[in-house]
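Start from chain U and add chain R according to the hints.
Protein chains: 2
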Amino acid sequence: MITLPFAARTDGLVGSVIDSSTSLLAAQTHDIVRFAMGSPAPDSIPSQVLAALAAEELTRPSSYDYAATEGDPMLRSALLESLRGTSDETTDDRLTITAGGMQGLDLACKLFVDPGDLVVVESPTYTGGSAVALSYGAELLEVATDADGLDVDALEEAVAAAGRAPTVIYTIPTFQNPAGTTLSPPRRERLVELARRWGSMVIDDDPYALLRFAGTEVPSLRAVAGGDPLVFSVRTFSKTVAPGLRCGWVDADPSLSPLLINAKQAMDTCANMPAQRLVARFLAGGYLTEHLATQRAVYRERKAGMQAALSRHLGDRARWTDPDGGFFLWVTLPGVDTQELFPAALAEGVAYIPGQAFSPAGHFTDALRLCFATTDPERADVGVGRLAAAM
Amino acid sequence: MITLPFAARTDGLVGSVIDSSTSLLAAQTHDIVRFAMGSPAPDSIPSQVLAALAAEELTRPSSYDYAATEGDPMLRSALLESLRGTSDETTDDRLTITAGGMQGLDLACKLFVDPGDLVVVESPTYTGGSAVALSYGAELLEVATDADGLDVDALEEAVAAAGRAPTVIYTIPTFQNPAGTTLSPPRRERLVELARRWGSMVIDDDPYALLRFAGTEVPSLRAVAGGDPLVFSVRTFSKTVAPGLRCGWVDADPSLSPLLINAKQAMDTCANMPAQRLVARFLAGGYLTEHLATQRAVYRERKAGMQAALSRHLGDRARWTDPDGGFFLWVTLPGVDTQELFPAALAEGVAYIPGQAFSPAGHFTDALRLCFATTDPERADVGVGRLAAAM
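Protein chains in written order, with the UniProt record's numbering: chain U, 1 to 391; chain R, 1 to 391.
Hints in this document: simulated from the structure, not taken from any laboratory.
A couple of the hints might just be wrong.
To spell it out: a stretch of chain U is covered by chain R in this simulated footprint if at least three of its residues, at any positions, have a beta carbon under 8 Å from a beta carbon of chain R; those stretches are [unchecked claim]: (1) 34 to 48; (2) 91 to 103; (3) 125 to 132; (4) 170 to 179; (5) 268 to 275.
All values reported here derive from a predicted model rather than from experimental measurement.
C-beta atoms are modelled at their ideal positions from N, C-alpha and C, and glycine is treated no differently.
Okay, chain U solo, but in the shape it has when bound (with noise of 0.2 Å):
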């Protein structure tokens, strides 16, 4: 009786490899190393100072009420301050903040992609930005990656193999998720001039860029787009601050302003205020720029704990990348199917996500994801370990 057109739009999400990790997680009655979720540790958490944040803001009943759809002018203020001398300094005219980095996302799919759409997607992808432009309709085109990030040649030729301009190409240039790489400044300048050929967004989805511990930095791609409004970015506090607060922003051209209030209007009214309100005072307090200067210390030592855990396990089976930033490894095990593996792992006491559910297509059966963020150097070794055992 029911007719469920999503049903249709939800065919070959991956989500539901996620789900049973997540599901199997929780019923393991044992300690597991858990290297899956894309989220900041606990300790990472500046829980201390948000709760005293909240002391001061959350007796007012304006903390409470309906923000503005583009945002509550106290979060605009304070985030356009905090990004002024970065490659994201902005103006309160292209801002518009949103419930994180996913909806933001979302509301790039609203306005530009119909059903049949050609939407290019980085091999390996995040999960979620292949999800949503599903959800709109969009047929996806796969491009591979290398060290330097989307290759640009290999997207030429797909698209000339496609028959058909993208509607937009969806990238994530600066340590990627999952596999960690960075789009080099020479590609991003060629990714820019693509897009201008073929008249494509370019959804610039960029949660990591503030997490580097290494290396110089790269110029985002609005910097390198010199203000064309092709590229559409996609910002997010939920690694830098808290996932949990479901805070970000869109930087796009003026022009759009209209049509995004509208597109969130009939999403969530708003984001929450509360939150908003403590992300206004972490920013103006000067928070943001001394936990990020922690956290960076942090994450090098973690990327560095596992590297080296890989090497005493697992050096001669196995090869992986080395981010300067963010989060995550990508791990290659040839030979091994890591879906199958996944059942012997977690029995092991692991987890983490396997290479497919970040390809629409199904690649990288022989690929793993690791997430260093969240472990110290002796628990990696601990959980690489039990990896090793698995295999």
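What follows is chain R alone, placed relative to chain U:
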């Protein structure tokens, strides 16, 4: 160069009416009586209790983590407990926590509405509800309402005239926004029968049912349908606790849960955690019961105050509804164009929403919505006096 498929979908949305009211309001330097917004007044927000609960909750890192997409278990169990014995009593397998009622509507349309589908809306209806249906490409069929809510005979005729069954019937059955009217129990039965016959989903958007201050309770549409999966219920804490928390829920057939989780993952991953925890503690601590008892008395007095002011100042030139709960009076001023009147009213120092904003077809040019919930009787008298002066 940029294609904006969303542009077409926003044509005819009335967001702009409300936006321009809001910015006009902000621009005013003198004191305005605000009858326009549909949110609780600052003195109706339990900010002291919420701040005390925040002080207990928000020192914990887990308060800032990703929540489960279906909602934090603490909130889910507190909610189930607080619904026990009400007409909205439900079970765990039917619940999805949402970012307010608006996201419940977005989820419903994402699941059920495809471009060109026929969606029945009440005339007048909640702007946000018709806007979200339009954003999924719905064709709207406006059906008249009267003092007993949606006119089910008119509904049957309108569907016969349309020559095809509606995919969705969107109703605000209790203390309707904007009219304040309640769908009578016999009409609830009839509505469910018609939906069954047509295979239509009923989106049952009921934010106000707990704010009854007169009359006797009516059964929820879900209770009337007796477990039939065609009723999709959208609820929120925006009117009963605070709108800025962006916390609500969907009560739907368990078969829909996996689809709801997939759809919500592609919207915002999860609802924000601090707000979920605050609401959970508010419910578990018994504060909602207490707060509702206080608020019902306040709103009863304010409705009476607003009606008395209307009698005094506009007794011979207006008629208005008499709701048993909720926030709104629907006022008809025969011969007056309330959209044209708006700037003059604002200049006098009173704000309202013109009737046309609640009708996609632009009916109700001589009507307006007044929110009585935010204004005490003395102030309501000042505001209605100004409205009379503007006329």
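Verification of the supplied hints:
| no. | hint | result |
| --- | --- | --- |
| 1 | 34 to 48 | holds (count 7) |
| 2 | 91 to 103 | holds (count 4) |
| 3 | 125 to 132 | holds (count 3) |
| 4 | 170 to 179 | violated (count 0) |
| 5 | 268 to 275 | holds (count 8) |
Taken one by one, the earlier hints fail for this structure only at number 4.
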